[in-house]
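Chemist: So the sequences go chain by chain: A and B.
Be aware that the first sequence starts at 1, since it is given in UniProt numbering, and climbs by one per residue.
Be aware that the second sequence starts at 1, since it is given in UniProt numbering, and climbs by one per residue.
Hints were generated in silico from the structure; no laboratory data involved.
Just so you know, these numbers come straight off a predicted model, no measurement behind them.
Heads up, some of the hints might be wrong.
Straight-line alpha carbon distances no greater than 27 Å define the calculated DSSO-like cross-link-like pairs of lysine-lysine that follow [stated by the list, open to error]: (1) 109/B x 90/B; (2) 154/A x 109/A; (3) 33/A x 152/A; (4) 186/B x 2/A; (5) 2/B x 37/B; (6) 2/A x 152/B; (7) 186/A x 37/B; (8) 67/A x 33/A; (9) 109/B x 67/B; (10) 67/B x 154/B; (11) 37/A x 152/A; (12) 152/B x 37/A; (13) 90/A x 186/B; (14) 2/B x 152/A; (15) 37/A x 2/A; (16) 2/B x 186/A; (17) 37/A x 67/A; (18) 154/A x 109/B; (19) 154/B x 2/A; (20) 152/B x 186/B; (21) 186/A x 186/B; (22) 2/A x 90/A; (23) 90/B x 109/A.
Protein chains: 2
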Amino acid sequence: MKIEHILPADIERRSMEIIEDELGDIILPPDEKDIIKRVVHTSADFDYVRNLRFSPGAVEQALTALKSGCTIVTDTNMACMGISQPGLEKLGCRKVCFMADADVAAVAKAQGTTRAQASMDKAAALEGAVIVAVGNAPTALLRLRELIDAGKMKPALIIGVPVGFVNVVYAKETIMEAGVPYIVAKGRKGGSTIAAAICNALIYRLTRG
Amino acid sequence: MKIEHILPADIERRSMEIIEDELGDIILPPDEKDIIKRVVHTSADFDYVRNLRFSPGAVEQALTALKSGCTIVTDTNMACMGISQPGLEKLGCRKVCFMADADVAAVAKAQGTTRAQASMDKAAALEGAVIVAVGNAPTALLRLRELIDAGKMKPALIIGVPVGFVNVVYAKETIMEAGVPYIVAKGRKGGSTIAAAICNALIYRLTRG
């Protein structure tokens with residue numbers, strides 16, 4: 001293995017070429033392609049090529065929300081940190097994570113729920129279009145489903161990519177049947193970097209040349 | 001797929017049981033076991049069972065550094081965010097990421113290098129024991145190797161887990177031959193969540209019952 005001499009600015013383009021090469025004969029849906037490739041770029045894991053599932057029209061609905069100056073809510077500060085701030089500023093959008101908020105901790109303690117659940121309750125009170133990106137807590141997805149079923153929330157998009165071994169697969173299936181636009185990584189895999197990568201792919205669609 | 005009714009506090013323990021079950025007959029080295037399991041827990045990716053490589057004594061040297069109140073330097077704010085602050089406080093350690101610092105941006109621009117390289121130069125000037133955790137930039141690892149070879153830096157541990165397709169495999173191999181303690185994810189995989197998970201596994205070894 002030798003070093004490839006390349007300018008830092010060209011590394012992402014070259015990476016995407018390598019991913020494209022290795023996809024070989026696999027044809028990705030045009031609307032999903034750059035999102036799937038960015039997730040592979042972020043993980044070096046081609047499993048996401050078959051794991052990522054999009055509800056019909058999900059990408060278009062997400063782009064409409066981003067163009068309207070929406071709020072992206074995450075379930076971890078890591079995912080929030082990973083979302084492009086310059087991109088959000090260009091669009092007049094913002095990102096928030098309520099997990100470390102004192103009021104969320106207090107509600108979770110009082111109700112005997114997780115902070116992830118309480119932070120979704122707080123997200124339901126936001127004004128305007130909301131994209132929810134869940135990279136960690138299946139309980140966040142389960143709570144979102146309850147809020148949707150109760151008519152208390154109608155996210156423009158749910159990015160459902162928590163990672164793990166307990167209730168993660170179930171929580172993702174629950175969101176795929178919630179009747180709202182979704183991008184979900186079926187199975188156990190996902191994480192904060194995956195949630196951020198999907199947000200960034202959507203943002204870059206609107207902000208990069 | 002049905003829901004598993006479990007208290008939030010028990011989810012991590014149950015996840016580790018599932019990972020243990022699925023490892024089957026694979027025997028992990030006792031000193032590495034909890035680190036490997038935490039990375040699998042963070043990624044749901046059993047590839048790390050064979051990808052993670054430890055230099056002899058790496059874990060012991062890292063624990064010595066953590067007991068001495070070391071600094072953990074990361075190459076992304078995401079990884080830095082993911083490292084347990086309560087755990088660090090118990091140990092009298094701290095975490096830093098220089099990537100967003102104005103002086104690092106200025107040096108990188110002036111020298112035509114990446115901010116990751118310039119942030120490693122800044123790390124080389126730190127007092128006391130340093131653990132460097134690289135989850136993103138292969139150029140950070142290549143710069144570390146140069147600093148080590150020049151006698152300008154002697155990290156207590158390098159966590160070398162950048163993810164990607166360009167120079168990532170090469171940079172990891174370079175670190176495995178640098179003559180310093182390392183934990184490396186061989187191959188393309190890794191990321192900020194993996195870097196943070198390895199840090200946390202080491203921290204928890206010393207701070208959890």
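Chemist: None of the hints should be skipped; say for each whether it holds.
Modeler: Each hint, compared with the structure:
1. 109/B x 90/B: With a Cα-Cα distance of about 38 Å, the restraint between residue 109/B and residue 90/B is violated, given a limit of 27 Å.
2. 154/A x 109/A: Distance ~26 Å between residue 154/A and residue 109/A Cα, so the pair holds.
3. 33/A x 152/A: violated, 32 Å
4. 186/B x 2/A: holds, 15 Å
5. 2/B x 37/B: Distance ~25 Å between residue 2/B and residue 37/B Cα, so the pair holds.
6. 2/A x 152/B: Satisfied, since the Cα-Cα distance of roughly 25 Å is no more than 27 Å.
7. 186/A x 37/B: Holds, at about 22 Å.
8. 67/A x 33/A: OK: residue 67/A and residue 33/A at ~20 Å, within 27 Å.
9. 109/B x 67/B: violated, 37 Å
10. 67/B x 154/B: holds, 17 Å
11. 37/A x 152/A: At roughly 34 Å apart (the allowed maximum being 27 Å), residue 152/A and residue 37/A break the hint.
12. 152/B x 37/A: violated, 39 Å
13. 90/A x 186/B: Judged against 27 Å, a Cα distance of about 38 Å means the pair is violated.
14. 2/B x 152/A: holds, 25 Å
15. 37/A x 2/A: Cα-Cα ~25 Å, so holds.
16. 2/B x 186/A: Roughly 15 Å between the alpha carbons, so the hint for residue 2/B and residue 186/A holds.
17. 37/A x 67/A: holds, 22 Å
18. 154/A x 109/B: violated, 45 Å
19. 154/B x 2/A: holds, 25 Å
20. 152/B x 186/B: holds, 26 Å
21. 186/A x 186/B: holds, 26 Å
22. 2/A x 90/A: violated, 39 Å
23. 90/B x 109/A: Answer holds: residue 90/B to residue 109/A is near 24 Å, not above 27 Å.
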